[in-house]
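Number of protein chains: 2
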Amino acid sequence: MRRGQGELRIGLLGCGTVGGAVVRLLRTNGAEIRRRTGVGLHLARVAVAHPEKSRGLVFDPGVLTGDAAEVVGDPQVDVIAEVMGGVEPARRLLLDAIERGKSVVTANKQLIARHGVELFGAAARAGVDLRLEASVGGGLPVIQPLKESLAANRVLEVAGILNGTTNYILTKMADEGWEFEEALQDAQRRGFAEADPTDDVDGHDAAAKLAILATIAFHTPVHADDVYREGIRRVSAQDIAFARELGFAVKLLALAREQQGRIEARVHPALLPLDHPLASIRNELNAVFVRGDFAGEVMTVGRGAGGEPTASAVVADLIDVARNHRAGAHGRVGWEASEPRPLRPIEDTASPVYLLMQVTDRPGVFARIAAIFGEEGVSIASIVQKSRGQTADIVIVTHTALESQMRRVLARLEGLDVLHTVRNAIRVAGEV
Amino acid sequence: MRRGQGELRIGLLGCGTVGGAVVRLLRTNGAEIRRRTGVGLHLARVAVAHPEKSRGLVFDPGVLTGDAAEVVGDPQVDVIAEVMGGVEPARRLLLDAIERGKSVVTANKQLIARHGVELFGAAARAGVDLRLEASVGGGLPVIQPLKESLAANRVLEVAGILNGTTNYILTKMADEGWEFEEALQDAQRRGFAEADPTDDVDGHDAAAKLAILATIAFHTPVHADDVYREGIRRVSAQDIAFARELGFAVKLLALAREQQGRIEARVHPALLPLDHPLASIRNELNAVFVRGDFAGEVMTVGRGAGGEPTASAVVADLIDVARNHRAGAHGRVGWEASEPRPLRPIEDTASPVYLLMQVTDRPGVFARIAAIFGEEGVSIASIVQKSRGQTADIVIVTHTALESQMRRVLARLEGLDVLHTVRNAIRVAGEV
Chain W
0 MRRGQGELRI GLLGCGTVGG AVVRLLRTNG AEIRRRTGVG LHLARVAVAH
50 PEKSRGLVFD PGVLTGDAAE VVGDPQVDVI AEVMGGVEPA RRLLLDAIER
100 GKSVVTANKQ LIARHGVELF GAAARAGVDL RLEASVGGGL PVIQPLKESL
150 AANRVLEVAG ILNGTTNYIL TKMADEGWEF EEALQDAQRR GFAEADPTDD
200 VDGHDAAAKL AILATIAFHT PVHADDVYRE GIRRVSAQDI AFARELGFAV
250 KLLALAREQQ GRIEARVHPA LLPLDHPLAS IRNELNAVFV RGDFAGEVMT
300 VGRGAGGEPT ASAVVADLID VARNHRAGAH GRVGWEASEP RPLRPIEDTA
350 SPVYLLMQVT DRPGVFARIA AIFGEEGVSI ASIVQKSRGQ TADIVIVTHT
400 ALESQMRRVL ARLEGLDVLH TVRNAIRVAG EV
Chain B
0 MRRGQGELRI GLLGCGTVGG AVVRLLRTNG AEIRRRTGVG LHLARVAVAH
50 PEKSRGLVFD PGVLTGDAAE VVGDPQVDVI AEVMGGVEPA RRLLLDAIER
100 GKSVVTANKQ LIARHGVELF GAAARAGVDL RLEASVGGGL PVIQPLKESL
150 AANRVLEVAG ILNGTTNYIL TKMADEGWEF EEALQDAQRR GFAEADPTDD
200 VDGHDAAAKL AILATIAFHT PVHADDVYRE GIRRVSAQDI AFARELGFAV
250 KLLALAREQQ GRIEARVHPA LLPLDHPLAS IRNELNAVFV RGDFAGEVMT
300 VGRGAGGEPT ASAVVADLID VARNHRAGAH GRVGWEASEP RPLRPIEDTA
350 SPVYLLMQVT DRPGVFARIA AIFGEEGVSI ASIVQKSRGQ TADIVIVTHT
400 ALESQMRRVL ARLEGLDVLH TVRNAIRVAG EV
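For the protein sequence lines, the chains are W and B, in the order given.
Those letters in the first sequence? Residues 0 to 431, by numbering that gives the first Met the number 0.
Those letters in the second sequence? Residues 0 to 431, by numbering that gives the first Met the number 0.
Hints in this document: simulated from the structure, not taken from any laboratory.
So the derived label-pair ranges between C-beta atoms look like this:
| no. | chain 1 | residue 1 | chain 2 | residue 2 | range |
| --- | --- | --- | --- | --- | --- |
| 1 | B | T27 | W | Q259 | 16 to 26 Å |
| 2 | B | Q258 | W | R422 | 51 to 61 Å |
| 3 | B | S337 | W | D59 | 25 to 35 Å |
| 4 | W | R34 | B | G327 | 22 to 32 Å |
| 5 | W | S381 | B | L273 | 26 to 36 Å |
| 6 | W | Q384 | B | Q389 | 48 to 58 Å |
| 7 | B | T16 | W | G5 | 34 to 44 Å |
Non-contacting residues of chain B with respect to chain W, defined by C-beta distances greater than 10 Å in every case (computed):
| no. | residue |
| --- | --- |
| 8 | H114 |
| 9 | D174 |
| 10 | E180 |
| 11 | L245 |
Cβ coordinates follow ideal geometry from the N, Cα and C atoms, glycine included.
Bound conformation, chain W alone:
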């Protein structure tokens, strides 16, 4: 293949679900992409752990290798597309590529959520592109809209349903009345959840994506470990049923916002009012919601994972790199820092809270519970009580209260002799 300014020679690191889809996309749409954009995307080298293993794809001799470093160092490779995952050796390989003046495209959320600022800095110094659309939301256009289409805004809030597995599980729990374990097993059977579901159900995946979104939206570094994180294992079918009765859906919410010069970033189950745009996002869909000071509220919805959607994002980034290659404009849009802003710890955040308690069903119990809320300055918005013979379930939704206040309420509730257990406490998004 003739190489010109409009020819970009790609070194692909990893050829699993996403990498395989990248190869198929280039083969399916490569000629059309060349016709439209004038740039040819040529897959020069592919590094995989086991080159001898067949993956249903045929490569020219010399393309496949087991040595990723060889691909990075190959002078026949202009750009690296990293879809291998994991922090190391991906980090070292991408830094090496950048230092050699090669642009890089990555789908690696943990890498960017942990070492993004280091990589952005290296790319800026080397004058190359570092693009990461595929690291958040699969085929959903998220990073580029934030960096470019919404660039005129001061972003006030980024929220989303960033994990398809947990959204599928919570949807099934709501629709079928299933408990968490049953819905998880269903998700595993359908290939929406891994055999070890920790990364998804405990919120690690969503927290990494939120760290990336917050870093870009607020122009200040937010690390994966900066994101407060709770998973969905404690959410019960009962919580979901009570929530619905009160007009809410239960979702794993990822939320980052700026208030009074501090950045708050958290992933946890949340009650969303049924008319909230994110409440209607069902099954394995993802959604990202951005509020800008001029654009207002913008939401994007789509398939947030899977080989083909993620490949769509990887190849879009490659096309962008190719356009910069042709225009001699590498590094045209990097990560743009503004004044660094401190993080607001979870204790200083405020939300309304839903509480489900099991109490002894006798006179005066509710008065004792209500007194604790009152004494801690937390006001109650609504109450549902359901008798179950000896015991009763009480659901309370509070008005907005500081996390630290709610923790004092919870500690005092746990000490009440008439209270059997606080089954769950779930934050509510928005005002009540």
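We have chain W already, so just place chain B on it with the hints.
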């Protein structure tokens, strides 16, 4: 203000609702935009029809002028932002700016939907940027995601709710049971509809936006007049009630798709299944839905009009031009044509159809109606009949039928003596 590579001097044409918001945005967020991106957006000149009229904005002496051509010709102006609207003189002014080597940003949908290809060609020859994010969907990121984030896809379909006025009217008709005129007057009182609502309610506005989306998504020219167009004046409260009973919402749908190498583009009222992503878009919101061969279905929702959201898009485009200015990369992403494809006339399109008829309520009537459908090869999916004394309302939803078949059915129905009137025929989106 010092001028460097990172300084872009803007000539603004028009200072009404959108132009005024552009000025306020630059004043509010200009310093932050400069801090992040390193580019300064300097409002050098503003052309308005009546410079003597106060618009609540104070400009330095010499900035305001009544002569737009003077702004275009001013050597102190690097880029033109056109928010004046109307085809002429906007077209002539932008062509003049482009020929002078100035990049242009426009919010002008009628101009692009009618002369886009001419302007794109001029911009490509001059090596300047022509950006138009604000021409479709106000602050919604739509054009850039299609051109860049989804560039690796073959787009199969673009659909949307592209007009906030009609969506507000249809939402009110559904929620309140109002007829069209009542909902229109409410929209006019709230400032969602113009005194002369033709542009919105007859679908001209949505058709222009769809022409732009189709031209970009399918890389082939689609002119505003190529779009088949029906407005919402004939939709009645009764249609909406029957549709809901059958599991549909009524929306003004804008739809463009490629099938067998031909492009179909149409704007008309449509029944959308209640679980269709566009069915839940309420009030004055807009939404754009794209189906790509790899990304799958992606939908973006937000405020599709208004000064501030539209200014967000105009200034995002200016930032993009500034980035190209700094990188010496003007014209980096133009309109990318692929093989031109012919349009499919409306007669050759196929949809299920909803029909509301008023008939004489006596035995054998339905058999005569059903016979006509059968003889024309149109199969019936569902029927609702409601007696009203002497007459009955019959609602029929057909399976997918060719437009030409349906026209024959309608012509024959109109000739039936027992049929008083076909009140409405509305296409259904998707399969029934």
